[in-house]
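2 protein chains.
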Amino acid sequence: MPVAPLPKALLFDVFGTCVDWRTGITKAGEALGQRLGLPDTNWAAFADAWRAQYQPQLTSVRSGARPWTRLEILNRESLDTVLADFGLQQVPATERDAFNLAWRHLLPWPDTVAGLHRLKTRFILAPNSNADIALAVHMAKFANLPWDVILGAEVAQHYKPQPEAYLRSVAALGLTPHEVLMVAAHNEDLVAAGAQGLQTAFVARPLEHGPGQTADLHPAHAFTYIAHDLHELAAQLGA
Amino acid sequence: MPVAPLPKALLFDVFGTCVDWRTGITKAGEALGQRLGLPDTNWAAFADAWRAQYQPQLTSVRSGARPWTRLEILNRESLDTVLADFGLQQVPATERDAFNLAWRHLLPWPDTVAGLHRLKTRFILAPNSNADIALAVHMAKFANLPWDVILGAEVAQHYKPQPEAYLRSVAALGLTPHEVLMVAAHNEDLVAAGAQGLQTAFVARPLEHGPGQTADLHPAHAFTYIAHDLHELAAQLGA
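Sequence order for the protein chains is A and B. For the first sequence, our numbering assigns the number 14 to the initial residue and increments by one for each residue that follows. For the second sequence, our numbering assigns the number 14 to the initial residue and increments by one for each residue that follows.
Calculated from the structure, these hints are not laboratory results. Treat the numbers as computed from the prediction; the structure is a model and nothing was measured. Please note that the accuracy of each hint is not assured.
Which copy? The list can't say, so a pair holds if one copy fits it or any two copies do.
Subject to a maximum C-alpha distance of 27 Å in a straight line, what follows is the list of computed DSS-like cross-link-like pairs (lysine-lysine) [as the list claims (entries may be wrong)]:
{"id": "1", "residue 1": "154", "residue 2": "21"}
{"id": "2", "residue 1": "154", "residue 2": "40"}
{"id": "3", "residue 1": "133", "residue 2": "21"}
{"id": "4", "residue 1": "154", "residue 2": "133"}
In isolation and in its complexed conformation, chain A is listed as follows:
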């Protein structure tokens, strides 16, 4: 097990690591389709397509091509694109606004809430997500995610995996990078955090992308901690 000193704070990736975005968006789409009488739609594929808009949208901000824009605004724009791609242009704007809020109402993985409460007794817990504050706080209220503080893209004014997205969250806590542990189900996120000096914990989420998931099934690097869920991570951290 790790020889690193215990961290003082834990930062968490949220989408995929703490909450199951694919199931949540799929179910919200199915409910919308039924209610509006929409044509038969593969809503899981819709969820994947919506999520696939995420990186190109963030890249447009990371590159400076557009000024700082919070994730809920980007998601709302992406929704218009994906609805058009799926031939669902008839969905009215007010329904689109409501559908976009499904990202606030995602459900946690079975171990998430209990694991976080256990870790909270010993460490400062914060999301370090690309979610903006409004999205993160409403999600936390809905899903009972017991954050001590909400950090991440909006506080840092940078999207992961840019270095500032990690370093400004660490600085906001008044800590140094090696005092902070980044927890994620994504190798890329942890490699970027580790490059800035943070400790890293890989927690596999093999169903994030559905039954056919191929990426991020295993840790690809020697991260500080490797755990199957947040209970196991808590045990490793003595919480």
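Using the hints provided, position chain B relative to the given structure of chain A.
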């Protein structure tokens, strides 16, 4: 009682409203004096003097005379000034750094923690303080203040009572001003919040400045809510 619709989120002033800074700083000073064998010092007067540096320090940032500086840095500078004023120049720098952390270790008023937990079941709770994130989150961990998110000066990059200190906290929540209730023991804070369209709640803290307190003993305006403590406020809000 108020005819305003129930708010969705409550913002709290912290120093004086949630925690008893004067007693905390006084006791930390007394402990320091004993440990270092300092000359007899009126540590309550010292606490008042340290706090009296607060507004001139904030004004230097508000006016643009100096760039954004977080409160713990300002407090640390003020400490040097006050130690000199009290003839205590012999206190070494490491002890000054540690004394400055006493602001993270203040105790809540007797009703604060239970009242906040009660309000948290129904509303989003956030400090909207001039404290920076690090100070606020460490204080919350120490005193068991169950914030959902930490807002305030550092997120807004403006110190109260500047309008941005209220409006940017409201915007960060994805809410409108009338959906948010500012809770404070200080008339000036509430007047400034109300001027930006927030609902307002006055909670008297008649011992904040010690037994001789003369200011803020009573609400000076028709605030949305007026309560003697956070339990009474929770009852008024149906929580």
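Outcome of the hint check:
no. : hint       : in the structure
1   : 154 to 21  : both (24 Å within a copy, 11 Å between copies)
2   : 154 to 40  : within (20 Å within a copy, 37 Å between copies)
3   : 133 to 21  : both (11 Å within a copy, 25 Å between copies)
4   : 154 to 133 : both (16 Å within a copy, 9 Å between copies)
Comparing the model with each earlier hint shows no violations; every hint is respected.
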